[in-house]
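**Student:** Sequence:
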Amino acid sequence: MNKALYIKNWNKGGNSYVLKGNPKNKWVGFQESVITQLSNKFEDFNIVIWTDREMEDDYYCIPFSSLRHLFTKEHQTTGKYQNRWTAIIINHSFQMHSNKNYAVDVSKYYSAELLKENRLILDEDYFIENARAEINIRIGQSKFRKSVLSNFYNKCALTGISEKNLLVASHIIPWSLNKNVRGDVTNGIALYCEIDKLFDQGYISFSNDLKVILSPKIKNLSEQLRNKIEPLNNLPLQPSRKQPNIEFLEFHRKNILQ
Numbered sequence: 001m002n003k004a005l006y007i008k009n010w011n012k013g014g015n016s017y018v019l020k021g022n023p024k025n026k027w028v029g030f031q032e033s034v035i036t037q038l039s040n041k042f043e044d045f046n047i048v049i050w051t052d053r054e055m056e057d058d059y060y061c062i063p064f065s066s067l068r069h070l071f072t073k074e075h076q077t078t079g080k081y082q083n084r085w086t087a088i089i090i091n092h093s094f095q096m097h098s099n100k101n102y103a104v105d106v107s108k109y110y111s112a113e114l115l116k117e118n119r120l121i122l123d124e125d126y127f128i129e130n131a132r133a134e135i136n137i138r139i140g141q142s143k144f145r146k147s148v149l150s151n152f153y154n155k156c157a158l159t160g161i162s163e164k165n166l167l168v169a170s171h172i173i174p175w176s177l178n179k180n181v182r183g184d185v186t187n188g189i190a191l192y193c194e195i196d197k198l199f200d201q202g203y204i205s206f207s208n209d210l211k212v213i214l215s216p217k218i219k220n221l222s223e224q225l226r227n228k229i230e231p232l233n234n235l236p237l238q239p240s241r242k243q244p245n246i247e248f249l250e251f252h253r254k255n256i257l258q
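Per this note's numbering: the sequence shown ends with 258, consecutive numbering throughout.
Among the hints, a few may not be true.
Derived lysine-lysine pairs resembling DSS-like cross-links, with alpha carbons at most 30 Å apart [to be verified]:
| # | residue 1 | residue 2 |
| --- | --- | --- |
| 1 | Lys8 | Lys24 |
| 2 | Lys73 | Lys155 |
| 3 | Lys146 | Lys73 |
| 4 | Lys143 | Lys164 |
| 5 | Lys108 | Lys197 |
| 6 | Lys100 | Lys20 |
| 7 | Lys41 | Lys164 |
| 8 | Lys3 | Lys41 |
| 9 | Lys164 | Lys73 |
| 10 | Lys164 | Lys100 |
| 11 | Lys108 | Lys12 |
| 12 | Lys197 | Lys41 |
| 13 | Lys155 | Lys197 |
| 14 | Lys73 | Lys211 |
| 15 | Lys242 | Lys179 |
| 16 | Lys146 | Lys228 |
| 17 | Lys143 | Lys108 |
| 18 | Lys146 | Lys8 |
| 19 | Lys164 | Lys108 |
| 20 | Lys155 | Lys254 |
| 21 | Lys146 | Lys197 |
| 22 | Lys108 | Lys8 |
| 23 | Lys41 | Lys179 |
| 24 | Lys242 | Lys143 |
| 25 | Lys24 | Lys73 |
| 26 | Lys179 | Lys146 |
Label pairs and their in silico Cβ distance ranges [what the hints assert, rightly or not]:
| # | residue 1 | residue 2 | range |
| --- | --- | --- | --- |
| 27 | Lys211 | Lys8 | 42 to 48 Å |
| 28 | Lys108 | Thr36 | 23 to 29 Å |
| 29 | Lys254 | Asn91 | 39 to 45 Å |
| 30 | Ser222 | Asn99 | 16 to 22 Å |
Calculated from the structure, these hints are not laboratory results.
Each residue gets a CB set at the ideal place from its N, CA and C atoms; glycine is no exception.
Please put together the full structure from these sequences, using the hints given.
**Tutor:** Below you can see the structure in the form of structure tokens.
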């Protein structure tokens, strides 16, 4: 039995969107309402795609965060079946049906390959302890996301984009670096998913007067990426109920900005 069939689906309260793909190309369709529901409920969730019921390891379990930038209005289907996205997986490449130039390599999320590299035998107590820790992390991240988005009136702090499934509660000081400020709403900025990646990777940061600063290294980037980043220079953050912590921004400039 395919292990994907044991994963708790969204309609049963799980944090996964489980779909059966076409056997030839793993074609699947994603409902906007489901993506929105999961995005509102979880910081991140799983996209699970399987095809063969009898092959236990033949499935992909992909974090939505790695695909989020593809799920935009412009990539939705038109005609009879609207408000959804369709995609295929060919040679471990997740491709939007609307435009196959929009693709993500998902080979590392193919279960069989992951299991071969990471097959561990865990005693029951260890498993339970870590499962509880994982649940606590997810709950904390979900609360943080809701608080940060609400703090910025459920809009991207730079662009004003309000589609929640495309918004990220970006950590100023990364989640893994300081547990004392993980849940602090002033350690977060609501950003459109593409801008979140730029902020997370240190291509942009913010000054103490809350305006965008560009990395000095952007001159070495591709022209296509520079064309996306340069218009952000000196853009001010939109008003929020609580403004980001200045000390946290200073940390980001010193340690994350490239």
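**Student:** Now, for every hint given, state plainly whether the structure supports it.
**Tutor:** So, going through the hints one by one against the coordinates:
1. The hinted pair formed by Lys8 and Lys24 meets the criterion: a straight-line CA distance of about 25 Å does not exceed 30 Å.
2. The straight-line distance between the Cα atoms of Lys73 and Lys155 is roughly 16 Å, inside the 30 Å bound, and the hint therefore holds.
3. A C-alpha spacing of about 22 Å is found between Lys146 and Lys73, which places the hinted pair at or below 30 Å, so the restraint holds.
4. At roughly 15 Å between alpha-carbon atoms, Lys143 and Lys164 fall within 30 Å of each other, so this suggested pair holds.
5. With a C-alpha separation of about 20 Å, the suggested pair Lys108 and Lys197 falls inside the 30 Å cut-off, and the hint holds.
6. Proximity of Lys100 to Lys20 is assessed by CA-CA distance (about 20 Å); at most 30 Å being required, the pair is judged to hold.
7. Between Lys41 and Lys164 the CA atoms are separated by roughly 10 Å; this keeps the pair inside 30 Å, and the hint holds.
8. Under the criterion of a C-alpha separation no larger than 30 Å, the hint pairing Lys3 with Lys41 is consistent with the structure, at around 24 Å.
9. A hinted pair counts as satisfied when its Cα atoms are at most 30 Å apart, and Lys164 with Lys73 qualifies at roughly 12 Å.
10. Between Lys164 and Lys100 the alpha-carbon distance is near 25 Å, which keeps this suggested pair within the 30 Å criterion.
11. For the hint linking Lys108 to Lys12, the alpha-carbon distance of about 27 Å falls within 30 Å, and the restraint holds.
12. About 21 Å separates the Cα atoms of Lys197 and Lys41, which keeps this hinted pair within 30 Å; it holds.
13. For the proposed pair Lys155 and Lys197, the alpha carbon gap of about 16 Å is at most 30 Å, so the pair holds.
14. Using a Cα cut-off of 30 Å, the hinted pair Lys73 and Lys211 holds, with the two alpha carbons roughly 28 Å apart.
15. In summary, the hint linking Lys242 to Lys179 is supported, as the alpha carbons are separated by about 20 Å, within the 30 Å threshold.
16. Restraint check for Lys146 and Lys228: the C-alpha separation of about 27 Å stays at or below 30 Å, so the hint holds.
17. Among the hinted pairs, Lys143 with Lys108 is consistent with the structure: their alpha-carbon atoms are about 29 Å apart, no more than 30 Å.
18. In summary, the hint linking Lys146 to Lys8 is supported, as the alpha carbons are separated by about 23 Å, within the 30 Å threshold.
19. For the suggested pair Lys164 and Lys108, the alpha carbons sit about 27 Å apart, so the restraint of at most 30 Å is met.
20. With a C-alpha separation of about 27 Å, the suggested pairing of Lys155 with Lys254 holds against the 30 Å cut-off.
21. Between Lys146 and Lys197, the direct Cα distance comes to roughly 19 Å. Compliance with the 30 Å bound is thereby established for this hinted pair.
22. Of the pairs offered as hints, the one joining Lys108 and Lys8 holds, with about 21 Å between alpha carbons and a cut-off of 30 Å not exceeded.
23. Only pairs whose Cα atoms come within 30 Å are accepted, and Lys41 paired with Lys179 is accepted, the gap being roughly 22 Å.
24. With a C-alpha separation of about 16 Å, the suggested pairing of Lys242 with Lys143 holds against the 30 Å cut-off.
25. About 27 Å separates the Cα atoms of Lys24 and Lys73, which keeps this hinted pair within 30 Å; it holds.
26. Of the supplied pair hints, the one linking Lys179 and Lys146 holds, its CA atoms being roughly 18 Å apart against a limit of 30 Å.
27. Distance hint check: the CB atoms of Lys211 and Lys8 are about 44 Å apart, consistent with the given range 42 to 48 Å.
28. In this structure the supplied range 23 to 29 Å holds for Lys108 paired with Thr36, their Cβ-Cβ distance being about 27 Å.
29. Evaluation of the 39 to 45 Å hint for Lys254 and Asn91 yields a pass: the beta carbon distance comes to about 42 Å.
30. A beta carbon spacing of about 19 Å between Ser222 and Asn99 agrees with the range 16 to 22 Å that was offered as a hint.
Of the hints listed earlier, there is not a single one the structure fails to meet.
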